[in-house]
Amino acid sequence: MRKIWKYILCLMALVSQEVYGQFSTAEAEVIEEAEAYFDRSDYQMTWSLLMPLAHIHVNDSKINYLLGASGINLPRYKAEANAYLHKAATSNYSEAYLPYAALLLEQGNINACLKYLELASVDEQSSKRIAQLKAHCVNAQKALESENGVLVQSLDHKVNSDYSEHTPLISMDDSTLYFTSRRPIDTKAVMDFNDEYDENIYQVRKTENGWTNAEPLPGNINQLLNEATVALRPNGQEMIVFKTTRDLESSDLWTAIQKGNEWRLDKKLGTPINSKYVENSAALNTQGNVIYVSSDRPGGFGGFDLYRVIRFGNGDLSEPQNLGSGINSEYNEIAPFLLPDDKTLYYSSDNLKSMGGYDVFKTTSINDTTWSEPMGVGNPLNTTADDLHIAVSWKSGQAYFIRPKQNNLGDFDICTSNMPGFNIKANVYLGHIADYSAEDYPEVALFSEDFSETKGIYNVNERG
Amino acid sequence: MKGGDFIVVLLPNESGVLEVRTESATRTFPLNYIEKNGVFEIPLTIDLSVKEE
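Chains A and B, in that order, give the protein sequences.
Taking my numbering, the leading residue of the first sequence gets 1, the next gets one more, and so forth.
Taking my numbering, the leading residue of the second sequence gets 465, the next gets one more, and so forth.
This is chain A alone, in the form it adopts within the complex (with noise of 0.2 Å):
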């Protein structure tokens, strides 16, 4: 008899927890680290210290709102995320209003966003976020009243894993893709401390029956770290990739070089470029002397802003010139991309034009310091969710992208689609050497016709 009172004491200590959300001493201080870690955006921790409360607290709509918008920012548990952001912003939670909000912008679903950001409270932190998102909307509606004839799909398997891709970067034949994939490379990879596999670059060839099996990209760049795809130069031979340091606190901007059929890494770029900021994303033009790069760096219009560097004959480089406020805003212009015209320059950004997320714009230089007025691309190849890290193949036109892969909010797929209206002008010359005597591979340039100016240099690879 005295058993069964004392359990019907525990099941009543557990209820009246559940109930009125009182928790123990031990579960108050977990719950208040965990929000310190919130404060502090370390929103790893902040979900592995929740995550066994929120088996035991169901309903707790705090436990629910800080599990819910700390894995929107972690990309294996965003889908997990939504769940918990639904609970707490269903049990008028009013903090989960604003991260639910954007949320539901991302599924596509314009009309709940609006009723939760009419909801959400607007102060000094929240108001900039808020019309940001409203802005979002208005241009979703407009923008989904229309499609412009393009056909987006994601690229099969031998491309897409279940885990996330990015950064597809198209050779100028349109021969071969490179990306960026946080598959396991091999059997001994482990996982960090985000349950994620490391990143690694690896390339697909196109064949008339489709990509081939994807596989790690030869050579030296892929280690036991970070290595990710960032900008190819129209010619093919030179890549920028994006390395963690090996003390893992921040990351660098490399060049690669392909010799023969490997990829070798070259020098980091220097200072201008590499920053006690974060640089993430670049392009590089026709001639490898002009380098477009995305930078959080102070000075700017906010965010990340987009800068360009020249890079001279000997490898210096100039101070980062801000592109202005033309194309820069005070929301994030990442992922540049510019094709072999020099001209034509596509970019992702989140600013107040956007239908949702990041979507792709594309503008025209008109001279070094000018550009045009940027445009989006336009419904469906921009969503509501993000759309960013375009690169368009010149020689067929078609756009490869990345997106969050369906059913899974967090991880990104390579998209493609075709792009109506492009239309570029070229001489692409193909050039074969054969040389029998020689050890050492030829050298070519190509000079202006008084050989007073370098107009490019070439490496000779061993394909075909």
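The calculated lysine to aspartate or glutamate pairs, modelled on EDC-like cross-linking and capped at a C-alpha distance of 20 Å, are:
1) A:LYS425 x B:GLU505
2) A:LYS259 x B:ASP469
3) A:LYS206 x B:GLU505
Honestly, the hints are just simulated from the structure, not real lab data.
Since the model is a prediction, treat every value here as computed from it, not as a measurement.
Following the hints, position chain B against chain A.
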């Protein structure tokens, strides 16, 4: 034998002189833009093992 492939891109109205150099030979090739719509591919085969006359 050390040979292989390379790609040179000329944009509208662009021209130049391509110089190919090995230990044993240096040869130059004038390249001029040929007006065509779209991307126009031009094969260019250079055999440096054949001596110039």
